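Undergrad: Residue numbers (the numbering used here), protein chains in the order written: chain A, 788 to 935; chain B, 788 to 935.
Treat the hints loosely; a few may be bogus.
To be verified - A few chain A residues that face chain B, going by a derived Cβ cut-off under 8 Å, partial list only:
id	residue
1	Phe-816
2	Gln-822
3	Cys-850
4	Val-877
5	Ser-886
6	Asn-894
Source of the hints: derived by calculation from the structure; they are not laboratory data. Treat the numbers as computed from the prediction; the structure is a model and nothing was measured. Note that the Cβ used here is the ideal one computed from N, Cα and C, for glycine as well.
Below are the chains, spelled out letter by letter.
Protein chains: 2
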Amino acid sequence: MNALARLGMVSETPSENQTIAAEPAKDYFVERDGQKFAGMHLLIDLWGATNLDSPELIDETLCAGAVEAGATILHSHFHHFTPNGGVSGVVVLAESHISIHTWPERNFAALDVFMCGCCDPYKVIPFLQAAFAPTSIQLDEQRRGLVV
Amino acid sequence: MNALARLGMVSETPSENQTIAAEPAKDYFVERDGQKFAGMHLLIDLWGATNLDSPELIDETLCAGAVEAGATILHSHFHHFTPNGGVSGVVVLAESHISIHTWPERNFAALDVFMCGCCDPYKVIPFLQAAFAPTSIQLDEQRRGLVV
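Please put together the full structure from these sequences, using the hints given.
TA: Structure (structure tokens):
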């Protein structure tokens, strides 16, 4: 977690009479399947996709997917290119980000979904399928900041 | 190119007497080393890095790197987390994006540099070295939207 979740972890207020021991430094890396790492990064290529020229639909879709994945949205920005209608943009999350770049003339979109903490980036994928109806998806998973 | 470069490609004004043939649809994918693809995506992990708690320095560094790489900046946004000082943010480019997430308590930062068109994402790396002095860098290159 590198975000609001982090804030959550330090928001506890001790009672007046409680003795506070010197705490060890917090560690925001996660552990899963015996590995310790900073976060999960999915690179997602959509082919044969539609609705890639609508910044409103893209914004809505990525934000809904982020919330379903358990993330907290801090900021979003989408740019609509003319005359081809491609869209580039990003949702900055408390737990990292989602980005998208679309090439409507090729029915292609490149996304990346990077999430730390207990979020599940895979939960974004059904939202992409529902909004853009790709005929195929290429997916690559990277564990960023893997401690070896 | 999915951006301003794209605009540049359609800005030519024909002379008055010129006959304009029906143009084939523009293709914004790039060709390099015999491959055709949408853009180059670098995943960069910095270890043993410093200055990871300064949104101002990070903003300055990523924007300077983007310009050196030949990109055009459309938007940038950086969030500074407390109490740990981590920074999350993104520079949206006409040619895609640069993102960063930092864990100062581990001297670790995860970046991604995605660039289309004739930009060279590798030109961002010396700016990262100068600003954050990492003791090691892990680099992964992905060609997004590879046409097979």
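Undergrad: Hint by hint, note whether the structure agrees.
TA: Hints, one by one, checked against the model:
At a threshold of 8 Å, the smallest CB-CB gap from Phe-816/A to chain B is about 7 Å, leaving the interface hint in force. With a cut of 8 Å, the hint placing Gln-822/A at the interface with chain B is violated, because the nearest CB-to-CB distance is about 14 Å. The beta carbon of Cys-850/A comes no nearer than 15 Å to any beta carbon in chain B, farther than 8 Å, and the hint placing it at the interface is violated. The criterion of a C-beta within 8 Å of any C-beta in chain B is met by Val-877/A, whose closest approach is roughly 5 Å, and the hint holds.
Taking 8 Å as the C-beta contact cut-off toward chain B, the hint placing Ser-886/A at the interface holds, the least distance being around 5 Å. Look at Asn-894/A: its Cβ only gets to about 11 Å from chain B, farther than 8 Å, so that hint breaks.
Hints 2, 3 and 6 from the list above are not met by this structure, while the remaining hints are.
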